[in-house]
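In order, the protein sequences belong to chains Y and G.
Residues 1 to 964 in the UniProt record's numbering are what the first sequence lists, from first letter to last.
Residues 1 to 513 in the UniProt record's numbering are what the second sequence lists, from first letter to last.
Simulated from the structure, these hints should not be mistaken for laboratory data.
Glycine residues also receive a C-beta, built at the ideal position from the N, C-alpha and C atoms.
Don't take each hint at face value.
[As the list claims (entries may be wrong)] Here are some chain G residues the structure puts well away from chain Y; computed CB gaps all over 10 Å:
id	residue
1	Gly56
2	Ser184
3	Pro424
4	Arg481
[As the list claims (entries may be wrong)] Listed next, the in silico EDC-like pairs over lysine to aspartate or glutamate satisfying Cα-Cα at most 20 Å (straight line):
id	chain 1	residue 1	chain 2	residue 2
5	Y	Lys496	G	Glu228
6	Y	Lys496	G	Glu399
7	Y	Lys240	G	Glu401
8	G	Lys194	Y	Glu447
9	Y	Lys240	G	Asp117
10	G	Lys185	Y	Glu390
11	Y	Lys492	G	Glu201
12	Y	Lys240	Y	Asp203
13	G	Lys274	Y	Glu426
14	Y	Lys438	Y	Glu481
15	G	Lys185	Y	Asp451
16	G	Lys98	G	Asp58
17	Y	Lys492	G	Glu228
18	G	Lys195	Y	Glu458
19	G	Lys471	G	Asp458
20	Y	Lys954	Y	Glu911
21	G	Lys195	Y	Glu489
22	G	Lys194	Y	Asp451
[Claimed, not checked] With the C-beta cut set under 10 Å, the calculated list includes, among others, these residues of chain G facing chain Y:
id	residue
23	Val115
24	Glu228
25	Gln259
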Amino acid sequence: MAAHLKKRVYEEFTKVVQQQQEEIATKKLRLTKPSKSAALHIDLCKATSPADALQYLLQFARKPVEAESVEGVVRILLEHYYKENDPSVRLKIASLLGLLSKTAGFSPDCIMDDAINILQNEKSHQVLAQLLDTLLAIGTKLPENQAIQSRLVDVACKHLTDTSHGVRNKCLQLLGNLGSLEKSVTKDAEGLTARDVQKIIGDYFSDQDPRVRTAAIKAMLQLHERGLKLHQAIYNQACKLLADDYEQVRSAAVQLIWVISQLYPESIVPIPSSNEEIRLVDDAFGKICHMVSDGSWVVRVQAAKLLGSMEQVSSHFLEQTLDKKLMSDLRRKRTAHERAKELYSSGEFSSGRKWGDDAPKEEIDTGAVNLIESGACGAFVHGLEDEMYEVRIAAVEALCMLAQSSPSFAEKCLDFLVDMFNDEIEEVRLQSIHTMRKISNNITLREDQLDTVLAVLEDSSRDIREALHELLCCTNVSTKEGIHLALVELLKNLSKYPTDRDSIWKCLKYLGSRHPTLVLPLVPELLSIHPFFDTAEPDMDDPAYIAVLVLIFNAAKTCPTMPALFSDHTFRHYAYLRDSLSHLVPALRLPGRKLVSSSVSPNITPHEDPSQQFLQQSLERVYSLQHLDPQGAQELLEFTIRDLQRLGELQSELAGVADFSATYLRCQLLLIKALQEKLWNVAAPLYLKQSDLASAAAKQIMEETYKMEFMYSGVENKQVVIIHHMRLQAKALQLIVTARTTRGVDPLFEMCEKFLQEVDFFQRCFIADLPHLQDSFVDKLLDLMPRLMTSKPAEVVKILQTMLRQSTFLHLPLPEQIHKASATIIEPAGESDNPLRFTSGLVVALDVDATLEHVQDPQSTVKVQVLYPDGQAQMIHPKPADFRNPGPGRYRLITQVYLSHTAWTEPCQVEVRLLLAYNSNARIPKSPWIEGGEGSPQVETSIEGTIPFSKPVKVYIMPKPARR
Amino acid sequence: MLDCGMHMGFNDDRRFPDFSYITQNGRLTDFLDCVIISHFHLDHCGALPYFSEMVGYDGPIYMTHPTQAICPILLEDYRKIAVDKKGEANFFTSQMIKDCMKKVVAVHLHQTVQVDDELEIKAYYAGHVLGAAMFQIKVGSESVVYTGDYNMTPDRHLGAAWIDRCRPNLLITESTYATTIRDSKRCRERDFLKKVHETVERGGKVLIPVFALGRAQELCILLETFWERMNLKVPIYFSTGLTEKANHYYKLFITWTNQKIRKTFVQRNMFEFKHIKAFDRAFADNPGPMVVFATPGMLHAGQSLQIFRKWAGNEKNMVIMPGYCVQGTVGHKILSGQRKLEMEGRQVLEVKMQVEYMSFSAHADAKGIMQLVGQAEPENVLLVHGEAKKMEFLRQKIEQEFRVSCYMPANGETVTLPTSPNIPVGISLGLLKREMAQGLLPETKKPRLLHGTLIMKDSNLRLVSSEQALKELGLAEHQLRFTCRVHLQDTRKEQETALRVYSHLKSTSLMAR
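Whenever a hint applies, use it, and build me the whole structure from the sequences.
The structure is reproduced here in C-alpha cells:
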C-alpha cells in the first residue's frame, strides 16, 4: 500500500513537471512557484505541535512540485529538519527529500551533502533508515557519478553496525544498488582501503536478525543483477542459510544458490563427510531439491520453479528426482510405474491383480538406506504431490523445462506427468497436459500410458479436452492398437460431447498423417469392408464417420497403397469431404481420377519468392504513378488492388501484407477520384452530387485508415505515420467539401481551427518522422502554416485544395511481419432452422465460440455485437476469463451472450458478429506533451470506434409472449 | 497425559489402560494437570469415559473442535456394540460419555492454551483424520511435542502435517510405517478410479467395505470428484448410520481440510455429495451398475457382508478392500485368494467377483517421519505406536542422520532425559547500572561477564552486587590478603634496592596498561 501511495505521489510529480515544461513560456505559472515553497515555510513556522507540522507536510506531499522549485523546497525542509525535535516529523521530511530527489529534471547532488550531514547527527533509527532510503534514491538518480556512489557506499558501510535492523537493512540495500562493480579500478585511483562489497555484504549473512539476513542476500542478488560476478566462496555461506529458521531467508538463499550454480556450474565442490567431489551445479541441484520438501510452501514454490532452469545438471542426478526408492518393511519395492511397465513388456495386460502383487522383493541393507539428505532423490515425486497446487504447478513447469532439454528425462517423467492428469485442481491438470504436449516430440507413449491419457477425454471441462486433443495431435503412438484405442476413445468423446466435433476432427487429421503405416492395417475394420459382401453405405452426415474418414484420408496421403482398399462410396465421400472440409482432407492421388488441385499445394518453397517479388514489383509500379495522367493512375491503382487481393487469397503468408497495401492503395484511389478536377469545376447547382461523392470518399478513407491502424498486428511507427497522414488528407478533403456546401463563415471558421489544430498535433506526434515525408501533403502544409494561421477560411480551403492535388503519393514501407486480425465464429453455426424460443422479457443465453487470430490484447478490444431485426444493436463485452490462449497469436473466445427482446409474431434472425474496438489514443507514440496537453483540446486523441472483423452469423430466435 | 485409548483386540480388563500405574493410590486429578487427546480414533480416545467417570478424573481434557464433535459419536457407537450387542457389563454408559465430554476444553490450531501457571499447550495440524492434531507441551523453556498420528503427504480431503521449528527437548512420534517408503499416492488413486470406472462401465457393481470415518470420506471425495469430472451417472451409495452424523461435521469443519476443499467451499462444499446417496437395503438387488460403500471394513459382519453375499456370484462385480484385514475375517480370506467361502449354516459361497486390494493409509512413512523430525529439530526423539523391530531401524536412522538421541521404550518402561533448562535470575538494577557505567554499551543477545553475588533463597534466584548481598545477609566483609615473600639478592643498600624495584614495577605496570 505504502509503495502504491509512494508511486502515486511520484506520478503526480512527474506529471506536473511535464505540464510545466510545456508552459515554460507563460509567466503566470512562474510567479506562483516561489510562493509554494514560501507557503510551506510559513505553514511549517505556524505549526505549533509536531502533529500540526506533520499534517502540513502531508498536505504538501499531495501537491506536486515543479523541477526548478525543488531546490528551494528542499532548503526549507532541511532548515526545519535541523530545528525539529519530533522524530516523526523528521521522518516525513526525510521521506519527502527522497521523493523530491526523484523529481525529473532535478539533479539531486546538491542535497546529498546535507543528507549525509544530517545522517551523522541523527539518533532515531527510523529516521536514519529513511535518510538512507533518500540517499538510495539520490544514488540511483545519479548512476554515472562514481565519486558520489563511492561516498554513499562509505556512508552505508559506516552505518552497517547500527543496532536497528531497519538501518542495517537500508544500508545493505544501498550497497546492493550502488556498490561499485569494478572495485579494482577505483581502488587504485582513490587509494582507498580495498572495500570488497561482496565481502561486506557476505558478513551480514550471519546477522542475528532474519530481516537483515534477507536484505543481505537480496543485496547480493542485486549485485548480480547489476552485472557483478559473485565469488564462488559465497556458495558455502548461502548453503548454510538454507537451514535458516525463517522462510524469507531460505527463499532468498535458494535464489542465491541458483544464481551461483549458474555462474560456476563446472567447478568442483567436496561432499562433506566423504572424500568425493561433485560438480557445483549438481550439488546445488541436490540442495534445491531438498528444499522442495521444506516446511514453508513459499520456499517450496521457489525451489520447484528454479529446478526447471538448471539444465546443466548431470543426467543421473536428474533422474534421481523421480525415484523415491520405495521400500516396505525394509525390503525393496517396485513402484507402480515399474510394475506397469513390466506388466506391459511381459505381454500380460490388465490382469486381475491379487493381494500382495506389490509384495516387496529383496531385502535392503539397513546401512545403505538413506532416508534424508539423499539430495535430489524423489524431489519431483514430493513436489508433484504437494499440498499446495502452486507448488504442484511449479513442479510441473520445472519438469517440462528439464524434459525439453533432456530426452531421456522426458521418457522417465512421462509416468508422472500422466499421473498429474488426475489432479484434483483443473489448472494443474491443464498445465500438465500442456507440458506433455511440449515434450511430446521426445517421447512415444506406451499403450498403458495412452490408456490413462485417453481416460481424461471424458473430462467434463472443455479446456481439458481440447488441450488433450492438441496433445494427441503431436503424440507418437507405437502400435496400431494404440491408434485404434485413441480413435475409439475420441469417438466416445464425440458422442458424449458433440460440441468437440471440430477439435476432434483436427486431432484425427494429425493422428492420421503422423501414423500412416499404423492406420493402414486398421482400414478394413474402420471402413467395415468385407472381402465378399458389400456393406451398407454409412451415413455421410454422421460426425463419427467423418472422423474416421478424416483419419484414413490423412493417412492415405503418404500411404499410396491405402486407396486400393477403399470401396466406391468411400471415393464419393472423399470427393464430398474434399470440397466441404478442405482444411481437414488433403488432396489424394486417387487411381483413375484427375489430380484436381495439385497445383494449389501450399508448401512449395520456390513458389514463395516469385510472389514476394510480384508484390514488390506491383507496389513499386504504383508508386511511380505520379507521372501518369489521372485516368491512367486510377486504372493502375484498380488493377494493382485487384492483383493484391488475389495474391492475398492465394498466398496465406502474404495475405497480411497484400491486404494492408491494397487497403492503402484503395484510400489513395478514393482520394484521387474525389479530387478529379472536372468534378470540382462544375457549376454551383451541381455541387451537391459531387460533394456527396467526395464526402463519402472522405468518410470511407477515414474508416479504412482506422482499419489499417488497428486491425493489423505488427504495424510499426513508420506505417502509423503514413496512415495518419492519409487520414489528415481525408480530413482536409472533408473540410473542403463542407466549405463548399455550407453557408456562413462562423461554422467554417471553427472547422478550420480544428483542422489546423490537428495538423499541429500531427506535427508534434510525429516530429521525428517528418523528414521522411518530403514533398508530401503535410510537408507542404507545414511550410505554409504561418500563412494558413492568418488567412481566412475560404482562402485556407483554396490552399488546401491545390495542395491536396499537388502532393505526392507517399510510399508505404512494408512492415516485416504483418497480420490481419481475423475472427471466425464457430458457434452459433447459423444453419439451424429451429428457432431459439424464449419468453419475451426474459433472457436466453446464446453460446458463442470463436477463434481470433492476430488480435492484440483481445480481452479489452474484442466485443460481441448482436443486431436485432428492428435495427437495435447491442454490444457485449466478454469477460477476460472467456478468452483462452491456445497458442501464440491465437485466441479462443468462448462466452455466452444474453439475448432478450419483446414478443415477436414469428421467428426472425438476429445477427451476431465480433467487433474490434479501438481507441485512437492507444497507438500514438507516447510523447511527454500529450499527457499534459490541456492547452489544445485534442479531438484526435479520444476517437473511439469499432471495426467489424468477422462474418456475421445469423441466429434464428423467437421471443414468445409471456403466458398469463 | 497424552491420549487415552483402548485396545480393540481385547474384551476384558486389558481393553483399557491400567491407570493405577499413574496413581498407585489416590485420585487421578491430583496427579494429572490435564489430558490431551490428539484425534478421535478409538485407540486414542476410547478409554476416555472409563478414565474420567469410572476411575475418576475431574481435570480438563483438551482436544480440537472436530475431535470434540466426532469423538462422542464414535464412543456411543462403540458402547452400543459392546453393551447392546455383546451384552457386556461393567461398561460406561451414555450418560458417562456425556459427562466426560463436559470436561473437554476445545482448542484451535496454533492457539496457545495456558493450562496452569506453568504448563502451556499448543496444537498443530496433523493430517491423518479430520481434527487430528499434534501438541506442543511447554513448561518454562522445556517442551515436548507429541504427534499423535500424522500424515506428511496430503490427500484428497486433508492437508499435510506441519510444525514450525520449535526445537522441543523431546519429540514423541508415531512410527507405524517406520520401515516403509510409500509410492506416490497418484498411482493408487488412478488405479482405484480406473478399476471402479471399468467395472461400472461393464455394468458391474462395486462394493467398497470401509470403516465409517476417515478413509471413507477420502474415497467418497475421490469418487465424487471423478464422477463430477467424467460426467458419470452411475449411482453411488453410502450405507447410513453414524456416517451421516459424522459427514455433517465434515461439512462443518472445512477449515481443517485441504487447500482444494477450503478454496472451493464457497461455490460448493465438497462434502455435500451430489452423486453419493444414502443406501437402502433394497437397493442391493437393483439391476444395473452401482458403487456401494458399506461398513464394516473387514467384511466380518453387518451390511457389507450382506451385500457381499448377494454380489459375490457375479464375475462382473468387484469388491475393493481399501485397508488392512485381520486374520479370520472374510476380508482376509478373499484377499488371500480363497474362492470358496464357508458361511454359517454350512453354506458354501463361491466368490466369482473380482477382489482388489488397495491401501489408502494416512500415516507418515519413514521419509515423512524424518521430514517431521527435520522440521521440528528436537533434541531427543521418542518412538511410539509401532513395532519394536521396525522402530529399531528408524531409531538408528534418526540417530545417524540428525545426531540426536532416540528412544523407543517398551510399555511400562521409563525414559529419563537430561535437559539443560534456562533458569531465570533476577538482577538488581544498581548492579546493571554500575556495569553500564563501567564499560562499553552492552551488545544485545551476546553473552557478557559481570561480577556479582548469586543469592538463592526459596527457589528464587537473584544476582546482586556483593555489597548488597553482604547487607542483606547480615555478614561482615572479609578481606583476604595474599602475601608472599621474595628473596632478593642485591649488594646495594636497602633503600636503593627498594627504589629500583619500585621503578621497575611502575614501568612494567605502565607497559601493561
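Here is how each hint holds up against the structure:
With a least CB separation of 41 Å from chain Y, G:Gly56 remains clear of the 10 Å interface cut-off, as annotated. For G:Ser184, the requirement that its beta carbon stay farther than 10 Å from each beta carbon of chain Y is not met, with the minimum near 5 Å. The Cβ of G:Pro424 lies farther than 10 Å from every Cβ of chain Y, with a closest approach of about 21 Å, so its non-interface assignment holds. Distance to chain Y confirms G:Arg481 as a non-interface residue, since its nearest Cβ pair spans about 43 Å, more than 10 Å.
For the hint linking Y:Lys496 to G:Glu228, the alpha-carbon distance of about 14 Å falls within 20 Å, and the restraint holds. For the given pair, Y:Lys496 sits about 58 Å from G:Glu399 by alpha-carbon distance, which is inconsistent with the 20 Å threshold. Of the pairs offered as hints, the one joining Y:Lys240 and G:Glu401 holds, with about 17 Å between alpha carbons and a cut-off of 20 Å not exceeded. Between the alpha carbons of G:Lys194 and Y:Glu447 the distance comes to roughly 15 Å, so the proposed pair stays at or under 20 Å and holds.
Restraint check: the Cα-Cα separation between Y:Lys240 and G:Asp117 comes to about 38 Å, which exceeds 20 Å; the hinted pair is violated. Restraint check for G:Lys185 and Y:Glu390: satisfied, since their Cα atoms lie roughly 18 Å apart, inside the 20 Å limit. The straight-line distance between the Cα atoms of Y:Lys492 and G:Glu201 is roughly 13 Å, inside the 20 Å bound, and the hint therefore holds. With a C-alpha separation of about 13 Å, the suggested pairing of Y:Lys240 with Y:Asp203 holds against the 20 Å cut-off.
Our distance criterion of 20 Å between C-alpha atoms is met by G:Lys274 and Y:Glu426, whose separation comes to about 19 Å. This hinted pair does not check out: Y:Lys438 and Y:Glu481 have alpha carbons roughly 24 Å apart, beyond 20 Å. With a CA separation close to 19 Å, the supplied pair G:Lys185 and Y:Asp451 stays within the 20 Å bound. Simply put, G:Lys98 and G:Asp58 have alpha-carbon atoms about 14 Å apart, close enough for the 20 Å limit, and the pair holds.
Between Y:Lys492 and G:Glu228 the alpha-carbon distance is near 17 Å, which keeps this suggested pair within the 20 Å criterion. Taking the CA atoms of G:Lys195 and Y:Glu458, the gap is about 16 Å. The hint holds against a cut of 20 Å. Proximity of G:Lys471 to G:Asp458 is assessed by CA-CA distance (about 18 Å); at most 20 Å being required, the pair is judged to hold. With a C-alpha separation of about 5 Å, the suggested pair Y:Lys954 and Y:Glu911 falls inside the 20 Å cut-off, and the hint holds.
The suggested pairing of G:Lys195 with Y:Glu489 holds, with an alpha-carbon distance near 17 Å, which does not exceed 20 Å. At most 20 Å may separate the alpha-carbon atoms for a hinted pair to count; G:Lys194 and Y:Asp451 meet this at roughly 10 Å. Hint on G:Val115 is violated. Least Cβ distance to chain Y is approximately 27 Å, over the 10 Å limit. Taking 10 Å as the C-beta contact cut-off toward chain Y, the hint placing G:Glu228 at the interface holds, the least distance being around 7 Å.
For G:Gln259, the interface hint holds, since its Cβ comes within 10 Å of a Cβ in chain Y; the closest pair sits about 6 Å apart.
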